[in-house]
Each structure stands twice: as structure tokens, then as C-alpha cells.
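Undergrad: Using the sequences plus the hints, can you model the full thing?
Protein chains in written order, with my numbering: chain Z, 1 to 773; chain E, 1 to 266; chain L, 1 to 150.
Read the hints as simulated data drawn from the structure, not as lab findings. Computed from a prediction, not measured in an experiment: that's the story for all the values here. One or more hints might be untrue.
[Said to hold, decoys possible] Below, simulated DSSO-like cross-link-like pairs (lysine-lysine); rule was C-alpha separation at most 27 Å, straight line: (1) E:Lys-9 x L:Lys-53; (2) E:Lys-230 x Z:Lys-759; (3) Z:Lys-705 x L:Lys-140; (4) L:Lys-53 x Z:Lys-14; (5) L:Lys-2 x Z:Lys-14; (6) Z:Lys-767 x E:Lys-22; (7) E:Lys-40 x Z:Lys-681; (8) Z:Lys-759 x E:Lys-236; (9) Z:Lys-113 x E:Lys-230; (10) E:Lys-261 x Z:Lys-768; (11) Z:Lys-681 x E:Lys-113; (12) E:Lys-230 x Z:Lys-767; (13) Z:Lys-14 x L:Lys-82; (14) L:Lys-53 x E:Lys-49; (15) Z:Lys-2 x L:Lys-140; (16) E:Lys-9 x L:Lys-110; (17) Z:Lys-759 x E:Lys-225; (18) L:Lys-110 x Z:Lys-14; (19) Z:Lys-705 x L:Lys-2; (20) E:Lys-225 x Z:Lys-768; (21) L:Lys-4 x E:Lys-9; (22) E:Lys-40 x L:Lys-2; (23) E:Lys-236 x Z:Lys-113; (24) Z:Lys-768 x E:Lys-230; (25) Z:Lys-117 x E:Lys-261.
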Amino acid sequence: MKVVNQYVPSVDGKGIMLGRPAYTDDLAAPDALIVKVLRSPHAFAKIVAIDTQAAEALEGVELVLTHKNVPRKAFTRAGQGYPEPSPHDKFVLDTYVRYVGDEVAAVAAIDEKTAQKALGLIVVQYEVLEPVLDFESAIDHASIIHPEEGIREMFPTGFEPKRNIAAAYDMHVGNVEASLASCDVVVRETFHTQAQAHAMMEPHTVNARMDYQDRLLMYSSTQTPFHVRRILSQALDVPISRIRVIKPRVGGGFGGKQALHGEMLVALTTLRTRKPAKMVFTRQEVFESSYSRHPMRIDIALGAMKDGTLKAIDCRILSDTGAYGEHALTVFMVAGSKVLPLYNKVDAVRFGGQVVYTNKTPAGAYRGYGAIQGNFALESAVDMLCERLEIDPIVFRRKNMIAEGESSPIFEIMGEGTEGTAMSMETCKLDTCVSRGLTLIDWHKKYPRQTLPDGRIKSVGMAIAMQGSGIPYIDMGAATIKLNDDGFYNLMVGATDIGQGSDTILTQIAAEVLMTTVDRVIVYSSDSDLTPFDAGAYASSTTYVSGNAVLAAAEKMKGMLLDEAARALGCDRELVRFDGATFTADSGENISLSKLSNRLYYNEDQQQLTATASYVGTKSPPPFMAGLIEIDLDPETGEIDIVDYVSVVDCGTAINPKLAIGQIEGGIVQGLGMAHFEAVKYTAQGRLISNDFLSYKIPTQRSVKNLQTEIVHSYEPSGPFGAKSVGEIGIDTPPAALANAVYNATGVRITSLPITAEKIMAGIAAKKGEQSL
Amino acid sequence: MIHIEQYHKVDSLEEAYRLLQKYETAVLLGGGAWIRTGSKPLEHVIDLKGLGLDTIIETKDSLSIGAMVSLRAMETHAGIRQLGGGFLSEALSQILGVAFRNTATVGGSIMGKFSFSDLLTPLLMLDVTLQFYDAGPMRLTTFLAQRGRLKDILQAITIEKKACRAMFKKVANTALDFSIVNVAVAIVEGRYRIAVGARPGTAILAESVMAWLDTVESPTEATWKEAGEKVVETIKLGTNQRAHESYRQQLVKTYVARGLKEVSGS
Amino acid sequence: MKIKFMLNDRSQTWHTEPGESLLDLLRRHHVVSVKKGCDGSTCGVCTVLMNQKPVLACTVLAVRCAGEHIHTVEGLADEVEKISEAFGIEGADQCGFCNPGIALALYALKAEHPEADAAEIKQYLEGHLCRCSGYQSQVKAALRYLGEAS
Ligand SMILES: Cc1cc2nc3c(=O)[nH]c(=O)nc-3n(C[C@H](O)[C@H](O)[C@H](O)COP(=O)(O)OP(=O)(O)OC[C@H]3O[C@@H](n4cnc5c(N)ncnc54)[C@H](O)[C@@H]3O)c2cc1C
Ligand code: FES
Ligand code: FES
Numbered sequence: 001m002k003v004v005n006q007y008v009p010s011v012d013g014k015g016i017m018l019g020r021p022a023y024t025d026d027l028a029a030p031d032a033l034i035v036k037v038l039r040s041p042h043a044f045a046k047i048v049a050i051d052t053q054a055a056e057a058l059e060g061v062e063l064v065l066t067h068k069n070v071p072r073k074a075f076t077r078a079g080q081g082y083p084e085p086s087p088h089d090k091f092v093l094d095t096y097v098r099y100v101g102d103e104v105a106a107v108a109a110i111d112e113k114t115a116q117k118a119l120g121l122i123v124v125q126y127e128v129l130e131p132v133l134d135f136e137s138a139i140d141h142a143s144i145i146h147p148e149e150g151i152r153e154m155f156p157t158g159f160e161p162k163r164n165i166a167a168a169y170d171m172h173v174g175n176v177e178a179s180l181a182s183c184d185v186v187v188r189e190t191f192h193t194q195a196q197a198h199a200m201m202e203p204h205t206v207n208a209r210m211d212y213q214d215r216l217l218m219y220s221s222t223q224t225p226f227h228v229r230r231i232l233s234q235a236l237d238v239p240i241s242r243i244r245v246i247k248p249r250v251g252g253g254f255g256g257k258q259a260l261h262g263e264m265l266v267a268l269t270t271l272r273t274r275k276p277a278k279m280v281f282t283r284q285e286v287f288e289s290s291y292s293r294h295p296m297r298i299d300i301a302l303g304a305m306k307d308g309t310l311k312a313i314d315c316r317i318l319s320d321t322g323a324y325g326e327h328a329l330t331v332f333m334v335a336g337s338k339v340l341p342l343y344n345k346v347d348a349v350r351f352g353g354q355v356v357y358t359n360k361t362p363a364g365a366y367r368g369y370g371a372i373q374g375n376f377a378l379e380s381a382v383d384m385l386c387e388r389l390e391i392d393p394i395v396f397r398r399k400n401m402i403a404e405g406e407s408s409p410i411f412e413i414m415g416e417g418t419e420g421t422a423m424s425m426e427t428c429k430l431d432t433c434v435s436r437g438l439t440l441i442d443w444h445k446k447y448p449r450q451t452l453p454d455g456r457i458k459s460v461g462m463a464i465a466m467q468g469s470g471i472p473y474i475d476m477g478a479a480t481i482k483l484n485d486d487g488f489y490n491l492m493v494g495a496t497d498i499g500q501g502s503d504t505i506l507t508q509i510a511a512e513v514l515m516t517t518v519d520r521v522i523v524y525s526s527d528s529d530l531t532p533f534d535a536g537a538y539a540s541s542t543t544y545v546s547g548n549a550v551l552a553a554a555e556k557m558k559g560m561l562l563d564e565a566a567r568a569l570g571c572d573r574e575l576v577r578f579d580g581a582t583f584t585a586d587s588g589e590n591i592s593l594s595k596l597s598n599r600l601y602y603n604e605d606q607q608q609l610t611a612t613a614s615y616v617g618t619k620s621p622p623p624f625m626a627g628l629i630e631i632d633l634d635p636e637t638g639e640i641d642i643v644d645y646v647s648v649v650d651c652g653t654a655i656n657p658k659l660a661i662g663q664i665e666g667g668i669v670q671g672l673g674m675a676h677f678e679a680v681k682y683t684a685q686g687r688l689i690s691n692d693f694l695s696y697k698i699p700t701q702r703s704v705k706n707l708q709t710e711i712v713h714s715y716e717p718s719g720p721f722g723a724k725s726v727g728e729i730g731i732d733t734p735p736a737a738l739a740n741a742v743y744n745a746t747g748v749r750i751t752s753l754p755i756t757a758e759k760i761m762a763g764i765a766a767k768k769g770e771q772s773l
Numbered sequence: 001m002i003h004i005e006q007y008h009k010v011d012s013l014e015e016a017y018r019l020l021q022k023y024e025t026a027v028l029l030g031g032g033a034w035i036r037t038g039s040k041p042l043e044h045v046i047d048l049k050g051l052g053l054d055t056i057i058e059t060k061d062s063l064s065i066g067a068m069v070s071l072r073a074m075e076t077h078a079g080i081r082q083l084g085g086g087f088l089s090e091a092l093s094q095i096l097g098v099a100f101r102n103t104a105t106v107g108g109s110i111m112g113k114f115s116f117s118d119l120l121t122p123l124l125m126l127d128v129t130l131q132f133y134d135a136g137p138m139r140l141t142t143f144l145a146q147r148g149r150l151k152d153i154l155q156a157i158t159i160e161k162k163a164c165r166a167m168f169k170k171v172a173n174t175a176l177d178f179s180i181v182n183v184a185v186a187i188v189e190g191r192y193r194i195a196v197g198a199r200p201g202t203a204i205l206a207e208s209v210m211a212w213l214d215t216v217e218s219p220t221e222a223t224w225k226e227a228g229e230k231v232v233e234t235i236k237l238g239t240n241q242r243a244h245e246s247y248r249q250q251l252v253k254t255y256v257a258r259g260l261k262e263v264s265g266s
Numbered sequence: 001m002k003i004k005f006m007l008n009d010r011s012q013t014w015h016t017e018p019g020e021s022l023l024d025l026l027r028r029h030h031v032v033s034v035k036k037g038c039d040g041s042t043c044g045v046c047t048v049l050m051n052q053k054p055v056l057a058c059t060v061l062a063v064r065c066a067g068e069h070i071h072t073v074e075g076l077a078d079e080v081e082k083i084s085e086a087f088g089i090e091g092a093d094q095c096g097f098c099n100p101g102i103a104l105a106l107y108a109l110k111a112e113h114p115e116a117d118a119a120e121i122k123q124y125l126e127g128h129l130c131r132c133s134g135y136q137s138q139v140k141a142a143l144r145y146l147g148e149a150s
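TA: Given below as C-alpha cells:
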């Protein structure tokens, strides 16, 4: 391969670094009205009265929106397959506010100062209600978070709002109770994970204007432009043909932009005033009033025989979706469906539980999408089980983990809020990942611990993980390739580059098929008017799903070119050879692509060549990885140094190895943040305190000393040039790997994230206390 | 955007001082980094830029650092790098990033009396005098012990050069984090000094422990441990969002003992 | 009030208000390379050079720039292109929101300390949060840039 799996720098890095206008706010109209939101100071309250007169009278204020003057039609902000598995439980503005930071009213004014001032002039009378802050007591709580009429589920998802249940799910294979009872050893443990913040660097940003055809033109920093268009149209009752959504360069998403945030209010402002309007979330709003990861309580039981055969897994989860139910069911299910098949040889497996509403910042999609939570519990519990069995955890994993050619019944049972798709692992190099990982980290020398000369303890820990590649039979990607005069191409994709480099890799795929170089393929993503449909950047789908669409479109284009070349050369198509630049007939006569293109557009047989292809997966081949961590732990303070993190990944063919490694390393470090110190803190009244980068710490340059990242050789037959996905898998292993390493160093098992130095120290102290008793 | 009603660009310290006294709500602008974090409108802001307070003067016996010297300029100054093995530079280098430290000033960092300060704790290892426009010289320790806001202009701080070995430890989650606790330990002309900051209260010296250490004839490892215990007994540590008191105690104990061991060269 | 200052080696006289940050002033005038990530001195994406030294544009009041020299990546294209090439080779560019700020920091680092090693680079770049890259590729790119530059 000449372009795919080769070193190719990103197609856009230079322009971005040079500061060319590219991101949503760079493209806002200079005179856009500033939209600001009045946010609830209460965790749960009913708006009894709201007086906007003074605000409206303020000079420079163009519009004030409250629940009284906006359409009332329930929708979900979640951008996912339609009909959505998320409940329609959100209104543009409502009479209830359901968390501190929820929207009360919006003001559009000529500048920020005026908007800010106007917010202060709105007088709201609240009836403050008892909030539900502890998700473990949410079900059947005296307070009902969604008592209102008009909300609904789109298909059966276990939605019981009167009980504060957003979704529920149960499945089982075999008889878990009986299987556990027959096991030699059973471990049971409860794990807790926190509401990690996405903390993408570009805040949620949106702007709108009426274009010269009097249509609503939106620029949105979104992962899902087509879902944005559809949801706006449905909730605001505007014909979908009157809306155009452009996704410019996006400054990071990680799932946080797989939803509508400011879009509704900004669209309404422009529709009502006919003036351009914009909104850029403050960092505090990003933390408080967008999305976070679903916190979960995971009760897990593993049963095994003395010989190290894992027999049964029982996993029960309570997930906290916060005030609204975006991605409630699907994230919950992925905590099982993309975790439990790792150990596919069990006799019995059971998975189930509920997703509950609380009066907290809503949870939504987030890289890993449940798998990181589930992985923390499962891979911690596996190490605990091994200790009880007195079996090396590496040996145990090798014996029980999924292998190439194998399957798991879970794939068929569990899908995207519905049933899944049976599949067997055509590629699974998990074993290679593990062995290579052991070598890279020098496991056998360091396991389980060593005492260093300065008194600190060096230890290692590991976990394995899997993810998916798109959502089969649901999410579609399409691509259009257009030939231009002189013989260069446009590649139009609805696939959303949000910084993960999909524009580059999709270009590489097209260039490879068309036997040309990336500079001859000009990529454009995404614009609901111009680019073909794509579900969006989520579920690790872009390379696999959209990549397959690009591959097919490029093949189609190649076929069209051969037809035209044959016509120009006056011979049979089968007799034409094409090397990317020149078509040669068997006679030796030839015509260059450039000439042929010019001929098509200016001289003879004139016509536009355009090829469009779509792809919807029929399976979701999982990428796999082994993640191994080396830490130096200070037993007197609990502080840890992350010395090394080794990732060995089976993602099929890496279309762009450097960018693939970038995805993995970015995920690892984000996962380490969640594992180690990204702590979410609320006051007793339900106000988020960790609402800026001072109080919520994300990893910095020196948080991790070294990363070693390798991609193993693997070829997924169903993927474009053998590729699977790589966008999410990196984030899954750090919590369990770190927990296991801390245990190996100290004997302290931390079951709630983040694993802070203080928790470790408390664990060490408690252990000492026990020993001295 | 913060709201500033009146911004005063002045030509002299005298004028700055006059305005400071004239307006009840006047604020002096050092680097302005902290001032910007507030949400209240500011009525009068007096800029201290351009008044010549941004120089470092080094003599044989002392370093005089202007109040408007940036944290980064202080950190990278050769004379500061030499003091006590460079512990002050080390401490400064742990306050946010380079670009931030190019703006935040020494004056603002001292006058803020920030409880989380990573500058005050190590400065307590040295004999530091604050030079005020009106009040004249004042010991740093006196300043820190004072309550209430001083309506004066800090012009410079003077650090006496003394033979000293010192260490500073900031315990934090990332380098961009506030200290969970910080500890400075030094041996200055043969006498020990220990300070603890971000307790979460403002930095203070562990004077009684320092005095006790001076009485110990030939200190051993056990002495350092004991000193750590004593510091925790005598200095008030507390609980806040960042850590519980018990964890702070553990950290202080450990780092005081380690610091003493390190600076004493044993 | 009006302030006069040098932006990318050209004199500009712009209107500002005392409370306005340099960041808001620049973005209002469509100098969009300078990003707003937190508006609170904590992320580094708003970095510009003031008299050749990196500062956080969100933290500096615009009024205080009177008479000063401000540079953004728009004014240092030659050098920034070299940095972007190094980033491209190492696959260090992802969403890119942090990149202009980092480019300016590297430009300043080269002037201050062209022999910086990996540890020194990490320390110098510490104030620049990046949620995408995991940082290691950025350090490799920085080493490449400094190596090629010297
Ligand atoms: C986001 C953030 C994170 C921080 N993290 C840390 C940290 O981890 N560790 C740490 O040690 N520090 C930290 N700081 C504090 C920082 O180091 C500075 O100390 C702080 O910004 C004050 O410096 P400044 O020059 O910006 O002061 P300003 O904001 O200008 O002033 C601070 C106060 O001092 C007064 N003042 C300023 N100069 C004088 C003077 N010459 N005479 C009299 N009064 C004066 C002002 O009126 C004001 O009340 C942080 C600050 C911020 C904004
Ligand atoms: S925007 Fe200036 S540091 Fe974040
Ligand atoms: S590349 Fe996205 S924040 Fe750095």
C-alpha cells in the first residue's frame, strides 16, 4: 500500500497551527447577537413566576426566551440513531429546573455586557423542591424529577419517570446462580466510578444566521451535524429543508458534542429576530451545564474453579444519568456488551440494572461509553479472583479471554438499546497484545512489586479491553467523490472530523484506491447541504463505517474513470490499465487522467463524474488491547508517579499509524486522569464545585512520564484495508490497570474512582491498623 | 470580561498612593491575574506598571526584588537560583505555566496572602523584609501575622543572603494544581527552619519545633521523625475540598522529616 | 479608550474598555488564532507573545498593552510552519485547539533555551493543556523542531 498504513501528515494541521479561521466561533458573524443563559441556582425547583420586563426593556436586548414563549415539544439532545434509544424528556425551556446550571431563560443582546446585565434583571420566583442527589436512593424517591406530561420513550427501554428510572435492562445467558454456586471460588465486589468531565479544549460553540435564501444556517461545534438538523427541525417545528448545519473544525469532542447544547436557543434567537446570533459556553458552563460521564455503581461477582476456569459473571449496575436521560440506556448496555465478551467461555453471564435520574449535571456520551466503567469493575475483579485462586493473573486471562475465531452470545443479545448482532472474531490478537505488552514493560522483572532504594515501591498492573466499530444495521456513513478538471478529486463526507483525524484517513483511503496522493483528494466535512449523510463521529465508527463508504465510492469512481478512458482510447474497458495518473490501452496508446478529465469537462463526451456510496455495518468488529502500567508509589504519602504506560492494540490495519497512536495515547492519558485524580465534587445542596480547571484537574505534560504504544499486525476482512476502530479503546484500561498496580504495591484494593493519593494512604493506614490489632 | 469603572494610569508612586487613599474601593493592579478571577465590578483600579518596580537588584548581602517583577523573572534570576540550592526557583516553577508566570507579580503574590501560596512558604526560610511606600520596611513574618487589609503599596522585597540549604515540596495532583499542602525546610547559618502552607490556612513557621531542634545535640533520623510529629502537633492543619486534615498531617509529618534529613545532609 | 500597540510588527490603534482582556480585544478584531478555552488563566490556549515572552491573553488587560509588542502565530508564519511540520511528522496534531498557543511557547523556548531536552520541554509546556494528544507526541515534535532549528 502506498498511502494507507503509511506516514502521512494530517491534511489540516498546518492551517490550524497558523491560526486560519476554522473553528465555529472563528466563523461567527461579527455582529452576531450574544446569547446568554440564566441558569438555575437550585438543584430542583419549579418556576412559579418569571418576570422579564426589565430585561426586555434594557437597551440592546433583542429577545428574552423563557418557557412561556418557546415551543413545548419533548425531545432528546442526544445525537444518535433515530428513533433514539434516549427518552424524549427535555424541553427547550421548562417550568422545572432539574440541576444547578439548568436553563431558566435566555437573553440575546448586542454584546456580552448587555446580555449579562439583562440576565441580572430577570426576576424568577422558585418553589424550591427537595432534590435527589444520591443516585443510590433515587428510585422511588419522594421527589419525582420528571413529573411532567408529554415525555416519552421511543421504544421500550424501561422508562419509568414516575420512579426516577430513565431506563432499565436485564439479560442473562445460562443459570448464573447455579453456576456461581458450583464454583470453587467466588469474589463479589462493588465498584464506583465518577462523572468524569470531557474537558475538550474548545467549549461548546454555536452560531446561526438567516442565509440569503432565508434558511436557517447554523455553524455548530458538533460531532453529529445531521442529528442536529433533525432534532432542531423536530423540536422547533421548522421544516428540515429550511435548516443547514455546517460543522466546521471542532476542538475536541470525546462524546461531549454528540448532543445539542446551545443549538436550540441560538436557532430560536435567529429565527425570531432574523439576526445572526451566537453562543460560546463559558468553561463553567462546560463543566456544569453540558454533559459528563455516567457515574455508576457496579456490583460484580465472578466465579471460577480451582484450575482457573472462569465459570460465571454476574454484573448489576446502577447508572446515574443526572437530570436528563441522554444516552442513558445505551451507555449502560455498553458497560456490559463491550466488556463481558472479553471472557467469552463462561457457562453463565447475567447483566442488568437501572439508569436513574438525579438532580445533577446530565450525563451523556463519553469516549469509552460505559466500557471504561465496566472494564474497571471486571478487570479489577479478575485480579481479586486470581489472588483468591492463587493463580497468576496473566495466566488466568490467557486461559479465559476471547480469541480469534471465537464468539460470545452477548453480541447477539445486546445491541444499541435493542438486540444485537451475532458475530465471531475474525481478528483478535489479544494474546499477542498481552505478550508484547509484558515484554515492553518488562513485567516479569517488576511484578508484583519491588522496593526502591528511596523507600518507594515500584509495581505493575494490567487490564485488557475491547470496544466496537460502529453500530451495525443502524449507523450509516456515506461518501461522495467528485472528479474535477485536471483530474483531482473532491471527497465529500458527512463523517465528522472532531480532531481525531478522520478527514486525513478518509482522504488516505480514497487516495489509495484511486492510486494517487493525498494532495489530489480534497476532503470536505461536514455540511448538511453539501455532504452526504453520516450518523456522525461516535461509537468508534468513522474509520470502519465511513471508511468503508469512502472505499466503495472510490472504487466506483475508478470504475467510471475506466469506462471513460476506454471510450476515449477506443478499446474495451478490460484492456485499459490505470496507474493513478495515466490510462494505457493494450495497444500502448494512453491518455493521462488530467487530459481525460479536461476532455470530459470541456471537449467530448461531456459529463460530470460523481460517485456516491454508503455503508452500514453488518457487524461491529471489536478492537482489542492490553494496557500495562508501571508506577512508583510512596507508601508514606500515597503519591504515585506514573512511570510508564504500555498499550498494545489490535485495531486492524492502522490507516495512519501516527494518528492511530495519537488516538490511543490521548485515550490513555484521559483514562489515567479519570483513574487517578479527576475528582467531581458537589456541595450538599447539589452545586458542582469542580467547575473549572482550578478545581478539576486534567492531566498535564508531566502527569505521565512515558507512554509506549504499539499496534500489532492484524487485518480485519470486513474493514477498509483491514481496519477496525481505534478512537475509544485507549481510554478503557487505565482505571483497572492502575487499581491493580496500586494493589500489587500495597495490598490496598481501591474500588472507587478516582484512585487518589489520599485514598491510597487511607487504605495503607487502615491496613496497618488491622495488622496491629 | 470583568468590569472596571475607572482605570488609573499613574506617573508616580506618590500619585498611586494618593489615589489608593482617596478611594475606599481602590485596588492596585500587579499582574492582575488574581483580580480577574473575581466577578465583582471594580470601581477604581490603579496600575502599578511603568513605575520602575520591576527590577531585581543584587548586592553582596541581599537581593531586592521589585513588587512588579514577574514570578518568571524571579524564578530565572541567577541570584535567586543560587539561594539555598535554588529552592525558590523550584517553588516558583511549580506555579501554573510559564506564560502565567510572565504576568503574575511578586507583589501581587505576597499582598494576596494566598493561603495556597507556593511563594510564601519558601520565603519564610529566609529573612525577608517588605518595603512599603508608606509603612516602610516590615518583616514578612510580621506582615503575615497581621490581620486585615493594608492600604499601602509594596515596592519591593529584600531577601538577605545567608548560607543556607533548603528544600521545598508542593503536594498537588498536577503541576497546574493548588497545593494540597506545601512544606519548606531549611538550615540557615546552622539553624533549622520549617514552614507549612496550604494547611489550608496561610503559611506559617513551626517556631517551637525550630527552637526545639536547635537544642538537639546530635540529631539522628529519629530526630527528624520526631520533628515531623511535633510540627503536626503544633501547627493547625484542617480539612477542605482538597484533603482531609488527617491526610495533611501525614504529608506534613513525612515531608518535614524528609526535608530535615535532606537539608542536614544526613 | 484607545490604545496603540504593535501587533505582529504593525502598529494598531484600537478601542478598548478597561476591563477587556487582550484575548477579547484580539478576537474582536478577528485575530482568531488566539483561542478562548477557560478565560481564567488555566489552560494556555490563549497564549500570545508580549515583547517576545509568552503571556496568557485572557489574563492581560488590553489597556496594559499600550506601547507593547504583541505577536500571534499570524505574524510568525515562517517559524510556525516549521513547528507544524514537526507536529505533522510526529502525529502530534489532533483537534488543534491548543496548537497556536503551543507553537508560540515553542518559539519562545527556542529563543530562551534552544538546547532544551525532553524534561525541560515538558516543564516549559506545562501550562498548555491538551485533552487530545496525551502530550508525548508533542514533546517529540518539540524536540524535532528544536533539533532542526539549531
Ligand atoms: C488560576 C490561578 C492559579 C493559581 N495557582 C497558584 C498556585 O498554584 N500557587 C501559587 O503560589 N499561586 C497561585 N496563584 C496565584 C498567583 O501566583 C499570583 O500570586 C496571583 O495571581 C497574584 O499575582 P498578580 O500579580 O496577578 O496580582 P494581582 O491580581 O494584580 O493582585 C493581587 C492582590 O494584590 C494586590 N497588589 C498587587 N500588587 C501590589 C503591590 N505592589 N502593593 C500592594 N498590593 C498589591 C492587588 O491589589 C490584589 O489585591 C494562582 C492564580 C491564579 C489566577
Ligand atoms: S483562555 Fe487563557 S488560559 Fe485559558
Ligand atoms: S490537540 Fe486538541 S487540545 Fe490539543
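Undergrad: Check each numbered hint against the structure and report the violated ones by number, ascending.
TA: 5, 6, 9, 16, 19, 23 and 25
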